[in-house]
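J.: Could you put the whole structure together from the sequences, leaning on the hints where they help?
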Amino acid sequence: MLNRTADNVARATPEPLAKKIRGISDKGLAWLFISPTILLLLAINIFPLFWAIYLSFTNYRANRPNEVVKNLGFANYQRILGDQDIWIAMQTTAHFVFWTILLQTVIGFTLAWLIDRKFRGHAFWTTIILVPMMLSPAVVGNFWRFLYEPQIGLFSYVISFVTGIPPTNVQMLSNVELAPWSIIIVDTWMWTPYVMLICLAGLRSIPEYIYEAAEVDRASNWRQFWSITLPMALPFIMLAVLFRGIENFKMFDMVNLLTGGGPGSTTEVASITLKRQAFESWRTGYSSAFAIILFVAVFGLANIYVKALNKVKQR
Amino acid sequence: MSLTTAHSVVAPSANSKRIAGVIIVAYALISIVPLLWIFATSFKTPPDSIAYPPKIVFQPSIEGYCNLFTTRTRQTPEYINSLGPATGFCDETVRKRNMVIAGPSNFLPRFVNSLIIAFGSTFCAVFLGTLSAYGFSRFKVPLADDLLFFILSTRFMPPIAVAIPIYLMYRELGLSDTALGMILLYTAVNVSLAVWLLKGFIDEIPREYEEAAMIDGYTRLQAFWRTVLPQATTGIAATAIFCLIFAWNEYAFAALLTSGTAQTAPPFIPTIIGEGGQDWPAVAAGTTIFLVPILVFTILLRKQLLRGITFGAVRK
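So the sequence lines, in the order shown, correspond to chains A and B.
In case it helps, the numbering used here puts the first sequence at residues 1 to 315.
In case it helps, the numbering used here puts the second sequence at residues 1 to 316.
Honestly, the hints are just simulated from the structure, not real lab data.
Ideal placement from N, C-alpha and C gives every residue a C-beta, glycine not left out.
Don't take each hint at face value.
Stated by the list, open to error - If the Cβ cut is set under 7 Å, some of the chain B residues that face chain A in the computed set are:
(1) V25
(2) F43
(3) I56
(4) S132
(5) I160
(6) G308
Unchecked claim - Residues from chain B that keep clear of chain A, each with C-beta distances beyond 12 Å, as calculated:
(7) S13
(8) F69
(9) R74
(10) R95
(11) N106
(12) G286
T.: Here's what the structure looks like:
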């Protein structure tokens, strides 16, 4: 209605006057509004990215800025792909990403499915459950070091109390077998609410009438769950998995504070390797090449995944 | 059995609700134990904090908070006795451990840095984000989808990978370890979230409002200022809080790019040590003070949380 009025007025007003009324042209305004953001991103994200690409072909070391920089061609990339430590770091990352996502999806979906029952007080308890994911992974992760302390740590105490293992033997962070699980536990504790919240939105998006129709057809509850609830919530579950997958692939802060990659290199995920190479060994060129490879990997995986996601959505 | 009653024509049975409620409440209680433990530890004395078995009942003390805000030196009892009367609770507590307060700790300046950097970058990101979001929402921008994807894709980069060239660039520009450098960096990270979230909020404001205003003689800019902005305040506020939380919580860039004057609280808190290792009550005290603002914001934001964490992809 109003639209039509606007059109009529636009037609009734002579061209130059119309321009005067609007001040700057729409096109000009659009660019005026968008360009500062684009410029900032070019300066802080894209320019450094190209710099990193350039460095990845050199032997540059940031702690020796005056040394002559040699062009190495693809040597850094070749060395990374043949580097045993890098492959171990990638396996550690894959292990971490796989288990955190599996646990968070299963627990998160189950919680969402239970909350969807709308028992009394569900809104309050949902908010309580959401709290851990808003907190700083670094600051809270640091405190988990205390909870994991053998004997005096609350977590270790509870574990030894429940299992009967002597309290000094529950060494979550210094035991080679347990350390990878100690970071998986903290990550799952923190981010299960994230998956839960997205799954809850998925469950609430399923229209009631589909269940009513299923009920009329006398479909069992089990059947309803597998052929209505799960498939219809699937795009949401996949979205949660996508976000968590990217985030955990990049995981740095929590692991750095909890284990620092140790003991040895048992929890050395890709970002920790990158930090050790770039800021401890100062192999800037080499680590830039690794950074580029990681970036391409995340970008590629995310793209493939988004395509799959769109396919699921269309069904 | 009753648990499998997904949806049905009738609402979930009372029994299934009860079981669901019990499980959810149990999960919620267990999952906040670590947070309650942080809070409790901050009021323990150092010996209480490392007692075995862990103490649930204890005599509360603010020694942790005293230690958080001060640095102390060990002195002989004779020296301490020769001093005048203690000038406050902290002074008294510290003296009991044969120490005297040497001066303020770095916690307060680090906390102030966190405030300056978080608020500064949030303001910039929301300002730029609002303008761009309006641009993308209302005008035909060539390659709009590609630009929006470009803006989002800057989030895919691992922070350490970005930090390497930023570190070099800031060294050249003299921005290393400055609040300005951190504000610029956090603005760049947050602006992608701001654009995506705000575009969603502005898309929901009917264009008719601006068009009506323009018919009344407002220019496009005036219409944006007088009609769109007031309508978008909720969205802008929610976006600002999300940016604030990100900048407040951020650790990787802060740890790698700041070391002294511009260091924020997250890289500082883990370095709080007392005699013989980490001073856990002081760490817990710092963590508590650091987390309280986030708790308040989470409660304020709970209706918008879903939108914020999915970059506006999922709305209710």
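J.: Does F43(B) pass the interface check with chain A, least Cβ-Cβ distance below 7 Å?
T.: With a closest approach of 15 Å, the F43(B) hint is violated.
J.: With a cut-off of 7 Å on the beta carbons, see whether I160(B) makes it to chain A.
T.: holds, 5 Å
J.: Please check whether the beta-carbon of N106(B) is more than 12 Å away from every beta-carbon in chain A.
T.: Since the minimum Cβ distance to chain A is about 16 Å, N106(B) lies beyond 12 Å and the statement holds.
J.: Tell me if the interface restraint on I56(B) is satisfied: Cβ within less than 7 Å of some Cβ in chain A.
T.: violated, 9 Å
J.: Compute the least Cβ-Cβ separation between F69(B) and chain A, then decide whether it is above 12 Å.
T.: holds, 17 Å
J.: Using Cβ atoms and 12 Å as the threshold, tell me whether R95(B) really stays out of contact range of chain A.
T.: holds, 26 Å
J.: Was the hint right that S132(B) lines chain A, CB cutoff 7 Å?
T.: Because about 4 Å separates S132(B) from the closest Cβ in chain A, which is inside the 7 Å limit, the hint holds.
J.: Run the C-beta distances from G286(B) to all of chain A and say if the shortest one exceeds 12 Å.
T.: violated, 8 Å
J.: Hey, does R74(B) actually stay past 12 Å from chain A on C-beta?
T.: holds, 23 Å
J.: Would the hint on G308(B) be counted as holding, given a Cβ-Cβ threshold of 7 Å to chain A?
T.: Given a least distance of 10 Å, the restraint on G308(B) is violated.
J.: Does the nearest C-beta of chain A fall within a distance shorter than 7 Å of the C-beta of V25(B)?
T.: holds, 6 Å
J.: Compute the least Cβ-Cβ separation between S13(B) and chain A, then decide whether it is above 12 Å.
T.: It is violated; S13(B) is separated from chain A by about 9 Å at its closest Cβ, not greater than 12 Å.
The earlier numbered hints that this structure contradicts are 2, 3, 6, 7, 12.
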